[in-house]
Amino acid sequence: MKKVLFATTALIATAGMAAAEVKISGYGRFGLDWNEANETNPGVSETNITSRFRLTFDVATETDGGVTVGGRIRAQARSRDGAPGVAGWSAPQFHVAYGGLRVNVGNIWGAIDSAPGLYLNTTSVGTGIDGMGFNSLATGNGFDWDTFTSAGAGRNGVEAIYSAGGFTGHLSYSQSNGGVVPGSAQGLERTAIMLSYSFGDYFVTGAYQDEENGRTIVKNGATLSAGDDLMFFAAGADFGQFGATLSYAQTEEADAVTLAGEAEIGAASTIVAWVNSTDIDTGVTAATQTRLDGTAFGINYEYDLGGGVTFVAGYVNTAAATNENSVQAGLHFSF
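Take any residue in the sequence shown, count from 1 to its spot, add 1: that is its number in this note's numbering.
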């Protein structure tokens, strides 16, 4: 898939101060979203505008010993499904890097979220303009794992990422201070590891997460943290004009598998199609179930208009018994 990312780079230097690199990048996306599920929401239209504008600021400097020290912060505004728009700044992420090792502190990326094969190879990393619910994820779309938060506090953790040749290892840890009542219990705590290896046009990925005090489900009479014992595996290949990824995930709530394929049509068009099959564990109490049991599928079409602008259209059919269809179309531009 052809992706164009333009970044504005400024070099700032003053007397007695080391040179620092400042990069500003981002994207905008906007379009129409038709969501059949809104039929059941009184006062909410089935057709709405979906949009997002994002600016990312990256800064870095280098010590005399060749160690890079830097940070990232992001501003974002968005609106979807007719809801009031949301805007804000992210919490910062800091990093120290040397050779193939990078350590992030603060608003971390997260080992699970960084696993190759988790997301689709599209502008939204899901379907359509804004991901359309991310029903393609084998891990489910509850996002019970650490990820960089674009307009909020983030997870405030620490992670180490090491890359050498085709190998990448990623270890992340985060903990929230305190429970609902200060001092009464620990907050949400996650430890995750991801290992990935690419060789030629192929890659394989494996990831695992341990979680405590997260979103809860009831399974076989016991209250469990939904993101605990999360396992994810993926394998994929790029055959030039075509590509495919098979991913599998197991959580306390469900097992799921996703098959995704993509094809380049001509010089500017790309189609990505996927199907997901989710099997809810029979021991999960229905009242605490958050995922849909069954099969979901979708298709995403993109046309490169040049200049960093892409036309995007998507269709998703969820595993819901009714009101399962949604369609989006619009433009995405990066800079």
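Please note that a few of the clues may not be correct.
[Said to hold, decoys possible] Derived SDA-like pairs (lysine to any residue); straight-line CA-CA distance at most 25 Å:
1. K24 <-> F334
2. K24 <-> V126
3. K24 <-> H96
4. K24 <-> A84
5. K24 <-> V159
6. K24 <-> G153
7. K220 <-> Y209
8. K220 <-> A287
9. K24 <-> T62
10. K24 <-> N49
11. K24 <-> N157
12. K220 <-> G201
13. K24 <-> G284
14. K24 <-> G241
15. K24 <-> S164
16. K220 <-> G153
17. K24 <-> G71
18. K24 <-> P85
19. K24 <-> D82
20. K220 <-> V159
21. K24 <-> Y249
22. K24 <-> K220
23. K24 <-> S46
24. K24 <-> T57
To be clear, the hints were calculated from the coordinates, so they are not data collected in a lab. This structure is a prediction, so every number in the text was calculated from the model and none was measured.
Query raised in the report: For this structure, which hints from the list above don't hold up?
Result: Hints 4, 10, 12, 13, 14, 16, 18, 19, 20, 21, 22, 23 not satisfied by this model.
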